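Below, each chain spelled out in residue letters.
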Amino acid sequence: MKKSWAIIKKDIMYALVEKEITLLWTLNSAMELAAMLLVWLASDSANIGGYTKPELLGYYFTAFVLEQFLGWYIFWDLRHDIADGTISNFLVKPVSYLKFVFLSNVGYHIIKIVLHSSVSLIVFLIAQGAMSLPFTFAGLLMILPAMLISIAITFFIQFAMGCVTFFWTESYFVADLHWMLLSFFGGKIFPLSFFPEAFRKLIDYNPFRFANSFMIEILYGRVSNSEYMVGLLVGFGWVIFFVLLSMFAWRRGLKKYSAFGG
Amino acid sequence: MSFMKQQLKRIKRNARLFIAFFRNCLVREMEFRMNFFISSFSAILWSVVSFGSIYMIFSNVESIAGWNLEEMILMTLVYYVTNVIYRAFFHSNLTKIPELVRDGKMDFVLLMPVDGKFALTTRYVSFSQFLRLVVFLFFFFTYPQKLNPDLNIFTYFLVIFLMAIGIWGMNNLMFIINAYTFWKPRVWNITFIGDRLKQFSQYPADIYSGAVKAFVYIFPLATYATIPTKFLLGRGNWQMIVYSVMLGVTFSLLAKVVWHFGLKKYEGASS
Numbered sequence: 011m012k013k014s015w016a017i018i019k020k021d022i023m024y025a026l027v028e029k030e031i032t033l034l035w036t037l038n039s040a041m042e043l044a045a046m047l048l049v050w051l052a053s054d055s056a057n058i059g060g061y062t063k064p065e066l067l068g069y070y071f072t073a074f075v076l077e078q079f080l081g082w083y084i085f086w087d088l089r090h091d092i093a094d095g096t097i098s099n100f101l102v103k104p105v106s107y108l109k110f111v112f113l114s115n116v117g118y119h120i121i122k123i124v125l126h127s128s129v130s131l132i133v134f135l136i137a138q139g140a141m142s143l144p145f146t147f148a149g150l151l152m153i154l155p156a157m158l159i160s161i162a163i164t165f166f167i168q169f170a171m172g173c174v175t176f177f178w179t180e181s182y183f184v185a186d187l188h189w190m191l192l193s194f195f196g197g198k199i200f201p202l203s204f205f206p207e208a209f210r211k212l213i214d215y216n217p218f219r220f221a222n223s224f225m226i227e228i229l230y231g232r233v234s235n236s237e238y239m240v241g242l243l244v245g246f247g248w249v250i251f252f253v254l255l256s257m258f259a260w261r262r263g264l265k266k267y268s269a270f271g272g
Numbered sequence: 707m708s709f710m711k712q713q714l715k716r717i718k719r720n721a722r723l724f725i726a727f728f729r730n731c732l733v734r735e736m737e738f739r740m741n742f743f744i745s746s747f748s749a750i751l752w753s754v755v756s757f758g759s760i761y762m763i764f765s766n767v768e769s770i771a772g773w774n775l776e777e778m779i780l781m782t783l784v785y786y787v788t789n790v791i792y793r794a795f796f797h798s799n800l801t802k803i804p805e806l807v808r809d810g811k812m813d814f815v816l817l818m819p820v821d822g823k824f825a826l827t828t829r830y831v832s833f834s835q836f837l838r839l840v841v842f843l844f845f846f847f848t849y850p851q852k853l854n855p856d857l858n859i860f861t862y863f864l865v866i867f868l869m870a871i872g873i874w875g876m877n878n879l880m881f882i883i884n885a886y887t888f889w890k891p892r893v894w895n896i897t898f899i900g901d902r903l904k905q906f907s908q909y910p911a912d913i914y915s916g917a918v919k920a921f922v923y924i925f926p927l928a929t930y931a932t933i934p935t936k937f938l939l940g941r942g943n944w945q946m947i948v949y950s951v952m953l954g955v956t957f958s959l960l961a962k963v964v965w966h967f968g969l970k971k972y973e974g975a976s977s
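So the sequence lines, in the order shown, correspond to chains A and B.
Residue 259 in the working numbering is what sits at position 249 of the first sequence, and the numbering runs on without skipping anything.
Residue 905 in the working numbering is what sits at position 199 of the second sequence, and the numbering runs on without skipping anything.
Next up, chain B with everything else stripped away, as it sits in the complex (with noise of 0.2 Å):
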């Protein structure tokens, strides 16, 4: 069979696995709704409390390192609207790494016959985040216009390409921080120092100088909402997609030879 055919069964095989994982988490989803609507309602409360905060800081700031309020709000509804989905689809799997990689429960998911780094990332869905989606990309959709009158539908075809290569990114660089318990197993917090790496991608890349600034261009951080963010404001260049989809590609790779290397380290569970 061609190298290409041999691939797009593959990538039919992963899309009829994820359909598959999709519908059994919705079923456990709508067995404890209760805890849906709660989940979902606290989601939409750290939302509200998330803008609530950028107002009240830019009620007492002009600008912060040249982005005023309505930039700072894209720039934030952008974050959200990546971040949840990241959280959606792939941020409960990732979080999970150092469980199963501690109770030997990893072995569950190499001894399935499909790519296991496939099957670990998108595993659980997490609908809680969906409803807030829903609102997020309503103000996704009619927000920018205020700020940048010239976008159009192929900006917003890019944008929504950028964040998706952000999201990728983003996925790739957790997956090889939680991927440390291959080598560290008690070390569970891990997951929780992504969180906090990925708070620096919340602000724009221009308030930061120096080293940090070169850590969140070196990382993929500043492609998860600042870049797409610039091009919805029509201050976006190629060689920021350029540079998007090669950070991309770099940390793919980079996330499968931390896998190669981590089963190699991983003892499992049973004799």
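With the rest of the complex left out, here is chain A (with noise of 0.2 Å):
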């Protein structure tokens, strides 16, 4: 417990230390948010893919809100560790990687969420009139477990992701690829409803709606009970795939690694 703390604590002080980068971080996510809200705000259409302009509104502040505690990317912490040779002093320590990893992101998202909610509160009260946010505490508590899976399906994605490193330096077309996915499949240009029928069924399996649309459908009333059930059998199932391909990507990779030096 008290290692675990350290390397939180680790990532606090150093989100402290470093106060400009962090801001720039939540500065960059907003102006993100602010475009989209523009965009929508200047749509001549009252009902936009199921969704009325004001619901639309709340569909993205909704999502840059959740973004603080989904926003897992540890993709860039592997492959700089890996190409950098940094990972070796996690082999040959006790300490397990993945776990240092994944406490480092939890310290800096204790940051995050508090610099993100002022944020979000100052967007909440400039845009409230225009914005549709039609949550119930019971919708509050389902995406409970959803922003679980959400959390472990992105970090699983990205650790697996930064495995690429071990064969392949370059590998940012990875994180690239990442990217257009979930912003395509994961409902973060656009909501998911925007999809023709013909596709929907597919589109609502795949993994990238689990770490992103799947929360805000539950709370906007998209979801029913049974397919909220199911989305999370579902969720969780790829949760399973990704902690394999993970575990499969890092001892593949570790077998191939060299470094020198040291």
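Careful, some of the hints might be misleading.
[Stated by the list, open to error] DSS-like mimics (lysine-lysine), calculated; alpha carbons at most 30 Å apart, straight line:
hint : chain 1 : residue 1 : chain 2 : residue 2
1    : B       : 718       : B       : 802
2    : B       : 718       : A       : 29
3    : A       : 19        : B       : 890
Since the hints were made in silico from the structure, they are not lab data.
It should be emphasised that the depicted structure is a prediction, and the values quoted were computed from it without experimental measurement.
Could you use the hints to bring the two separately framed chains together as a complex?
So this is what it looks like as structure tokens:
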């Protein structure tokens, strides 16, 4: 417990010392939100893909608020550690690298939540008249397991992606591909209800939906009780898949890994 | 030597330098061909996702700020042509500024017997953008005629000139943003703010209002894609041309001032 807290504290301290870096990340997310809200505010339609305009604005705001909990982009940490050889430090010590990366990001998220919440409050106060946030207490409770699934899926997808660096140091394209798929099939650019009905069944089972869109659909009452249960099961299935993929990629990667010096 | 002759000599020297950089980058890129093909493929895939997203959005809305699907596709096409050229020639150089300042490697740029700012902003060329540029240019020269049958070669020359002005302005804006690291060397992620700011130029400036609209017109964001697109649609006027040129010149001068004062702040890595 003491070790875990030391790792968490390290990243909290880093975020507090490098205040400007942390603030700029928050500003980066806020600007992305602003751009999406402004685009949809300018739309001339009242009903957009099953959402009214206020609901759609609320959709992007909700995604922004959830991002502070769900955005576990550990690929860059792994990529840097493997490419630079820093990972060797962990391999020769009795420290689980997976645990270290997880706990480091817990520390970072604590600060991110504080900053994001402040920005979320400001955006809410400015734009509350234009947004519809029809949340219920039951809905807020229902998204909790979905959020855990989302964090697990994102974390292990990113971990598996990072392991590609063992085989190919120029692994940026993997991050690009992930971001593309998450944006298009995860509901980041537009809600998944925009897809034609013929594709919806396929889209509903894709892992990126559970990384982002599923929670928002629950909050907006777009998911029935049976769909909710099925969704949790499918999401859990994806978690198992990505955990196994990560472990496989890590073990194969370690066999290939070599470092010099130290 | 007269001023004009001096400037001509400087331009020739910079052109030779750029050709040397270009050749060097091409050789490097061909050493890692797999990387080149994967990066090119990834870039094209992003473009497909972008256009796919527009199509998905417009299958659910009639228009956005009066811009319909065809006009938005044209806007996105112009944005991508401009952005791909910017990314090919300038983006990777400008995003390296924080690293060069923080690690003290700016010394190597400053020690070169050439214009430091020019060498800094043109050193690397990203060839992975070229493949999709070819694709986009094909559509750039064929698609607009569907929306504006009155388009002629002179309009195209004007649009290309405006796009060049837009790239020039964006280059200087991104330089100013990344040069913030002269004052705060540890703030390496300032480059992401630049990219996020550029995102505002991806959409027609007409969608913005109030302070945001002013913001988009004060900074060279509307000149990047909105104004060239308006000329392709036959909605441009001479005031837009004057505004674009003046904004480009203003930000060029601002970038020089920032460079001058930034260098005074730069501490370097040597004793």
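Please name the hints from earlier in the document that this structure breaks, with their numbers sorted from lowest to highest. 2
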